[in-house]
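Engineer: Here's the letter readout for the chains.
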Amino acid sequence: MRVRQTFLFLSPWLLTLAAFYLFPVIYSFVLSLLNFNPLNPSATTWAGLANYTRAFTDPLLRRAAFNTLYFVAGTVPVTTILALVLAILLNRSLPGQTFFRAGFFVPTLVSMVVLSLVFKQLYAQDGILNQALSLLGIQGKAWLLDERTALPGIMLMDVWSAIGYYMLLFLAGLQAIPRELYEAASMDGSSKLSQVFQITLPHLRPVALVVIVVNTIRSFQVFIEVFVMTRGGPLNSTLTVVYDLYERAFYRFEMGYASAIAYLLFAVIFLVSLAQARFLRLGQPVGG
Amino acid sequence: MILRKYAFFLILPILLSCTPRDKRQKIVFWQFWELPVIQPQIEAFEKTHPQYKVEVEQLTWQNGFDKIVAAFASGQVPDLCELGSTWAPQFASEGVLLEVTDGVRTMKDTYLMWEPVTVGGKIYGFPWVVGTRALFYNKSLFAKAGLDSTKPPETWLELFNDAKKIKALGKDFYGYGENAGERHILYKKFLPFAWSNLGSVLSPDGKKAVLNSPENKEALEFLVSLLPYAMIERQDALDQGFKQGKIGLLVSGAWLLRTIPQDAPDLRYGVALIPKPDKERGIHASFLGGEMLVVPLKAKNSVGAINLVQFLIQDNNAGALAKAVKTVQPATREAPQDPYFSQDPYQKVFLEQARTAVHPPPHPKWVVMQEVLNDALEQAFYKKKTPGQALDEANARIDSLLVAP
Amino acid sequence: MMKRFLLWAVVFLAFLFSSFPLFWMLFLSLKTQGRFGLQNYFDLMASGPFARYVLNSLVVALFVVLGNVTLAAMTGYAFARKSFRGREVLFATVLGTLMIPKQATMIPVFILMTRLHLLDTYAALILPFLVDGFSILLIRQYLLSLPPDLEEAARLDGASELRVFWQVVMPLAKPALAVVAINAFLVNWNSFIYPLILTSRQAMRTLPVGLALYAQGEHSLDWGHLMSGSALSALPIFVVFLLFSRQIISGLTQGAVKG
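Residue numbers (the working numbering), protein chains in the order written: chain A, -16 to 271; chain B, 60 to 464; chain C, 192 to 450.
Careful, some of the hints might be misleading.
Here are the computed lysine-lysine pairs in the DSS-like style, where the Cα-Cα straight-line distance is at most 25 Å [stated by the list, open to error]:
1. K112/B x K124/A
2. K223/B x K124/A
3. K224/B x K203/B
4. K359/B x K112/B
5. K194/C x K175/A
6. K210/B x K223/B
7. K223/B x K198/B
8. K424/B x K267/B
9. K124/A x K167/B
10. K181/B x K198/B
11. K443/B x K357/B
12. K198/B x K230/B
13. K230/B x K203/B
14. K359/B x K124/A
15. K266/B x K385/B
16. K223/B x K203/B
17. K357/B x K112/B
18. K210/B x K444/B
19. K338/B x K223/B
20. K444/B x K124/A
21. K385/B x K194/C
22. K338/B x K167/B
23. K124/A x K224/B
24. K359/B x K106/B
In case anyone wonders, no lab produced these hints; they're calculated from the structure.
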């Protein structure tokens, strides 16, 4: 009886998994073992592990991997901390609270494609950013065309656009914390700051898992910004793994190799997420 | 009484067969132009070919190609598909397009740009519209810099001097617009100069790379020499800079002809052929690109597709499309005779330029070679390597591509 | 008092920083031919199928939200509260589906939809996203941060599992459900690549695709129309956000749990 009910609750996922994930996932895994040209599927040949070994010796992919790691390491902690701080600040009664919350969330409302187009303009030689900087007496440049500033530029935009979204997740998590705990702590005389560390953060651990893991996963898969703003340039400084994968699949028609890259990326993301969950003890229920 | 009951059942089949069922053959057509532009031609085609019904789908420029690839990968292909001239060689060499060599024998000479769909002497598609690149120049800036605004530069030296004079006008002015930071575009701005200097990427038999020939090195060195007087930016920023009157000379495409009247109606500008190395040397070469129409081998209605193609590429129809969008010209050789084109000062130049424009080698690995070339150009522009070094390295890489299976 | 004001000032500055590029977008959307006005908006709404695009996006988004708020929630609940064999492995699949880049599965999904004859239907745009891994994850994590006491109490009172779920758990999970709703709406509303590949007829296009077709030419960008389209596009999500964020903030307090 118990088992059957559990099965009922799980059935939506089981169905979705079977119908829409199993086939694509297995299909693309098989592709990674083949030399598959999407234009001419009938000319497919067996590649075995060749695609995978190629991935390890590919200098372009290595560059992409480096860029991607740089991107993840540079954006996830910053976004997480800023989102957390904002959520805590906006959870108490501050004048204009709802207005602020909405304002921070607004970047999320606009599609990433459009945001990227807007920032592309913003970062241009005579774009708004440089105009603002010139008011402060700083000479700007074409940020996306310099190999040293192109990727940081994209990272900045990414953090900017993601804060409001993760702030929302944290806000939700904050609602689960019983108010009495804070009241009791205040009566005991502990400061607001130590309350944050003693009460808020531990209770936010489960939700923090979502924020950190999801943010990490999405950051590893950064694509649209690169596609719209820089196409991997200049000099491959903004080439990311998923963008490289996409170009190989759709421009070079090396879909087998692209699939291998996808699965290697998957393995990396999986290991990193596992490490995050274990290290930060984020997977357990509160009080456990 | 009984008859009345069964009468209904007798009438029913008659009624059913009278239902206007669309007996026309379907032609699925994928293309990139806006529907209001292509719809009139579709309707005209359906009128003169009442046995067909065309299902048109408009693809997005940014990602429509992904959809085409997905279609080929799954076998769910359209009957007729528009393909950019840089993409077509790949498809043609994979053997996934319908061969039309025999069918086009009689019409071959009336059209430009068969190269993208020609592999090993066989033809796998049709040229529809061409788009080349020409030299835009700002007449007001010319006048301001003391140059004759009716005499755009015809040689490299003239281009260099004109750019230098315009840059001297001030901090916010640039003599030339140089592309940077955008893959798949850089080579379209370099190759015209290389070709003008009679250089090329591959040897005539296509077996060896000649990218590091003295002619090509000279062309790249020339472009690098322009850098101090140039705005270095992406294509859309360069276009914008030109419209804002900041750039004196820019190699760009006919799409500017469409957007300048919208965004900068007061701009006084002209269009000229891309300069050649010297009055006595070289040619006014440019990049020949455009749109092809291809029929996938697995198309369900290839006969219908062929009919549609032949209709669309006729001079009057391709011409109507060109006139509506202004960003391309028909691929027919007789297009220049149309008064619309011969009398418009800008269109005229573009058509003339198209006749001496060159198409990149239709090698199946061109997409990869183009990336190698782009890398080399970036290295040279960003001063990581000298033009000579960059081209030498690229040449070696392309050579190894040619021998690889 | 000073501290509070400083705090407020910091938040306000951050707010400006956050919203500035968007004000710029609105500004651009009101510019046509060098003049100001709502012309871009009128153009967009008059451009025939635009209303249809909005309708399609709405239909798809609504169903996806409903699905996630109910079905995904059920699954998240099962992961959080029930122990069963293979729970860890199955949960790993949930996370796993988030980790595979769309670009790798795009073509297989297209092939799958072709075989199922679902191309150009609402089903293709809705079904795969009805139960999303992120929703499951969020609900699970949120429930893990709640003590199971209320549910135990209800069970002891003799309520069936389904009742426990609907009448006890769901109300408790309101903040998380609100986030799930907002997220599901958001992700689907702005979804571009799947609708592009999975639909062909103009009548089935969604808003982002329609906008790209309309305002993004081969070499030029129609800023005025693109910005006005994006602004219009952002409006429904904004409304959804306002509606649901109230749920997040005014979520049931845990005061019900004594002791």
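Engineer: Would the hint linking K124/A and K224/B be met if the CA-CA limit is 25 Å?
Structural biologist: 23 Å, holds
Engineer: CA of K210/B to CA of K444/B, is that 25 Å or under?
Structural biologist: 35 Å, violated
Engineer: For a C-alpha distance cap of 25 Å, please report whether K223/B and K203/B respect it.
Structural biologist: Holds: K223/B and K203/B sit about 13 Å apart, inside 25 Å.
Engineer: What's the verdict on K359/B and K124/A, does the C-alpha distance respect the 25 Å limit or exceed it?
Structural biologist: 53 Å, violated
Engineer: What's the verdict on K357/B and K112/B, does the C-alpha distance respect the 25 Å limit or exceed it?
Structural biologist: Given pair K357/B, K112/B holds - Cα atoms ~19 Å apart, limit 25 Å.
Engineer: Is K124/A within 25 Å of K167/B, Cα to Cα?
Structural biologist: 50 Å, violated
Engineer: Please work out if K359/B and K106/B have their alpha carbons no farther apart than 25 Å.
Structural biologist: Holds: K359/B and K106/B sit about 22 Å apart, inside 25 Å.
Engineer: Can the restraint linking K359/B and K112/B be considered satisfied, given a maximum Cα separation of 25 Å?
Structural biologist: Within the cut-off at roughly 14 Å; holds.
Engineer: Between the alpha carbons of K223/B and K198/B, is the straight-line distance 25 Å or under?
Structural biologist: Holds, at about 15 Å.
Engineer: For K266/B and K385/B, compute the direct alpha-carbon distance and say whether it is at most 25 Å.
Structural biologist: 38 Å, violated
Engineer: With the threshold set at 25 Å, check whether the alpha-carbon distance from K181/B to K198/B stays at or below it.
Structural biologist: 46 Å, violated
Engineer: Given the hinted pair K338/B and K167/B, is their Cα-Cα distance within 25 Å?
Structural biologist: 33 Å, violated
Comparing the model with each earlier hint shows violations of hints 1, 9, 10, 11, 14, 15, 18, 21, 22; every other hint is respected.
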